[in-house]
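**Q** Put the two chains together into one complex; each comes in its own frame, and the hints tell you how they fit.
These protein sequence lines are chains U and L, in that order. Under UniProt numbering, the first residue of the first sequence is numbered 1, with each subsequent residue one higher. Under UniProt numbering, the first residue of the second sequence is numbered 1, with each subsequent residue one higher.
The hints are simulated quantities; they were obtained by calculation from the structure and are not laboratory data. Any given hint could be a false lead.
Simulated coverage check for chain U against chain L, where a stretch passes if three residues somewhere in it have a Cβ under 8 Å from a Cβ of chain L [said to hold, decoys possible]:
no., segment
1, 15 to 25
2, 38 to 45
3, 159 to 167
Examples of chain L residues toward chain U, derived with CB under 8 Å [stated by the list, open to error]:
no., residue
4, ARG5
5, ALA8
6, LYS9
7, LEU15
8, SER16
9, TYR32
10, GLN33
11, ASP43
12, PHE47
13, GLU49
14, LEU53
15, ASN55
16, ILE56
17, ALA149
Where is the CB? At the ideal position from N, CA and C, for every residue including glycine.
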Amino acid sequence: MPDQNQSNTCDEIIFSSFFKSHVKALRNFLFYKFGNAEQAEDITQEAFVKLWQNCASVPLEKAKSYIYTIANNSSLNQIAHQKVVLNFEKNFIGLDKTNESPEYLLEEKQFQAKLLKAIENLNEKQRTAFLMHRVDGKKYSEIAVELEISVKAVEKRIHLALLSLRKEIDL
Amino acid sequence: MKKNRLLAKWLNDDLSPDELAAFEASPDFEKYQKIKKYTAHLDAGDFDENSMLSNILSQKKAAPKVVPLYKKWMPRAVAIFVLALGITFAMKVFIPQTETADFGKKTVFSLPDNSKVVLNSGSEINYKKWNWDSNRHLELKGEAYFKVAKGRKFEVQTRLGKVTVLGTQFNVKARKNRFDVVCYEGRVKVNYGNTEILLTHGQSVRFENGKQIKMTVSSLQPEWMNDQICFYKENIRTLLDEVERQYNIKIDLNTKDTISLFTGKLPAKDLNTALQIISTTYHLEARKVSNNKIIFDEK
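Just chain L, same shape as in the assembly (with noise of 0.2 Å):
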């Protein structure tokens, strides 16, 4: 047992006769004895507690507390509502975004670092908004043109080869076995499978189908942007292709000359024009069958 806890035990009867007779013998045992026997006879006053009883049973009970209904919902509400606006904001920021422009449309976006892009008809970029200003990554599906701000290395990914670049403005095209790349301001690197190109202003590459043309250009812009769309060295098919994305129609070919090559430039805004220069140009004959489907016919 303890030591400083003995004089309680023993005030309480509860020492071991062991140690009861150790204390007994000790002599202050006697003056405890007496201490305790008239402690026992203490007194600490009366009081009128029946005065007091009826005091209290007067007093009101309060009523139930009643919490109205809102008071228990607002704040699950307002929880509620804000966990809403997190999860937007999350999905926004860490979701990759989407942009696309569909057929015979362009799509002009920024992206958030404010770098411009213009992406032309039939076309997708997907990218994350997420620490972008430190990772510029995007990948394109489809032709665009960028207006890169100036900051960390750009990079642009495609089925067929990846872009980079520092602050610049270029144009990439990836359509089928065609990736075209055009740098109009600063420098840009192209990666095509084991082959990296480096392009200065007014520089622009082509790889088809695993072969490579390297050409100048005079322009400042895309064509494309100009409601122009520019060929230079381009098969029919290849030819018709880009216009059936510019004016969202159908058009079918019935001719065997498919190997001259077309170079020019033909309206994105004007059908009747534009199929007047490919049929003059082809000695073809078109054929309107539908709002959206045409024909070409050899004379």
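Just chain U, same shape as in the assembly (with noise of 0.2 Å):
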């Protein structure tokens, strides 16, 4: 049988490839949205899986919007929003690496437990927006495609998430 109208999607490599440069991104981004890990990585499996079954009719410049029409449509489903619970990656501990005088110390840990309860207390939309551009690295207008909304609004949330951070911090 000639694949010639099967879609590239269809064939394993190709597919194998596309997963591993998007599946954490989409993983991340559920996670910012419910705050709870397994329930991002069920509904990240579950748009990989639709896009497997039905790689026939997706072709692959069209995967990533498909994906992410699957995870923004299931989360319309979700109802609760837990906390986001976040952590600095495990080596960080401060910005001077060479002070390491226990006042300082103790100042960072605070600092930095004050911001990661700050950006838990952040609403969903802004949150989400937020830590796409921090933790992933994504450019506002991919955000925007990824959410479905503007780069104008993706900047108006990024902003304001800015503002609840520091006014929190301040606390």
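**A** What follows is the structure, encoded as structure tokens:
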């Protein structure tokens, strides 16, 4: 059987590399949204399974928007917005690596805890956009496409996120 | 730049040097700077990508959907059918209806308001079903008897004139130059050229070549309805025309006496008797040339 009219999304190697380059970002996106890693991973898997099953009708160029659409739609059904529990990178202690005085370390710890708490308290929309930029290093234009909103709206959300973070930390 | 996106621009290093300098001078700058630096080191946690991938690849691919041909064509076929039905209905309602009675035949039919019409031989009626109740108008060629249901005005248009009535029974005959209207019940308004005449029951009017003759009628229905042909002071050619129509035959006349007028009744279903009556009245001899051709010779 000639595979001419079957899209290359069905090729296992191509699919795998597509998966590798997008799975982390998708999972993180869902994680920021729900604050639940397990749920995020379930939906991520579900989205990729759907893509795999329907690979014949989804060309590779459309695969990304396909999985994000599924992710966005599935999250409509989720009500629980739990708090996002994040961590700093394992070896990250602070910006000033030479200073190891106990006071400094304590201050650092306190600041980091405050920041994480403030991020937890952001509303879901601001948090998602903010973390997609900070953690995944995405451009605003990418975020806009994935969230299905405009770039201006992304910028507004991030601006508001920064404002409220600063307020919370000041307390 | 809009004020409500300033921080986002800064976070993305999109500020112009001027804007950046202004922002750096603000008292909050250092706090934002710290947030920016620290959040660059956030971690969302890890998960097992590889096991997820193998999980996904182990799923069966969906079989390409096959839509059976009939499923694709069924709705179209149904749509076409419904459309055809609709058009047929519209044609019935909007297209003018034609009722005819051939030579030697009579046609009885009802109009949409249940008015009864009997068409005499060799006649034709055209009318529209659409909006019939408020526009009762029809065109008549030949002769017909109407029993009109009560309602709005009822118009019969002929080549020679117009007859307007309210619920009533009447007969209209428009042949060659002859225009006869007989009213059996109710009231009938007759227009012929510029003349307008009102007939009540039992009255009739005849226009021939512009001449007007008014008569009274004692019968309750036209005689032709009872298979009789009734004549009143009729010349022989007109009389024979009527006989031709009733029996669907051709009659030739070889005589000079065409002035004598005929008053009386002829049977419409008994040709021999009819021919005999004509022969005796006019002193003629009927000769059957073929099945539908008769010649009258002088005796």
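**Q** Evaluate each hint against the coordinates.
**A** Right, here's what the structure says about each hint:
1. 15 to 25: Three-residue rule met by the segment 15 to 25 of chain U, so holds; n is 6.
2. 38 to 45: holds (count 3)
3. 159 to 167: holds (count 6)
4. ARG5: holds (4 Å)
5. ALA8: At 4 Å from the nearest chain U Cβ, ALA8 of chain L passes the 8 Å test, so the hint holds.
6. LYS9: Where the cut-off is 8 Å and the nearest Cβ of chain U is about 7 Å from LYS9 of chain L, the hint holds.
7. LEU15: This hint is violated: LEU15 of chain L lies away from chain U, its Cβ roughly 12 Å from the closest one there, beyond 8 Å.
8. SER16: At 15 Å from the nearest chain U Cβ, SER16 of chain L fails the 8 Å test, so the hint is violated.
9. TYR32: holds (6 Å)
10. GLN33: violated (10 Å)
11. ASP43: holds (5 Å)
12. PHE47: holds (6 Å)
13. GLU49: This interface hint holds because 5 Å falls under the 8 Å limit.
14. LEU53: holds (5 Å)
15. ASN55: holds (6 Å)
16. ILE56: OK, holds: ILE56 of chain L within 8 Å of chain U, min 5 Å.
17. ALA149: With Cβ-Cβ at 64 Å, over 8 Å, it is violated.
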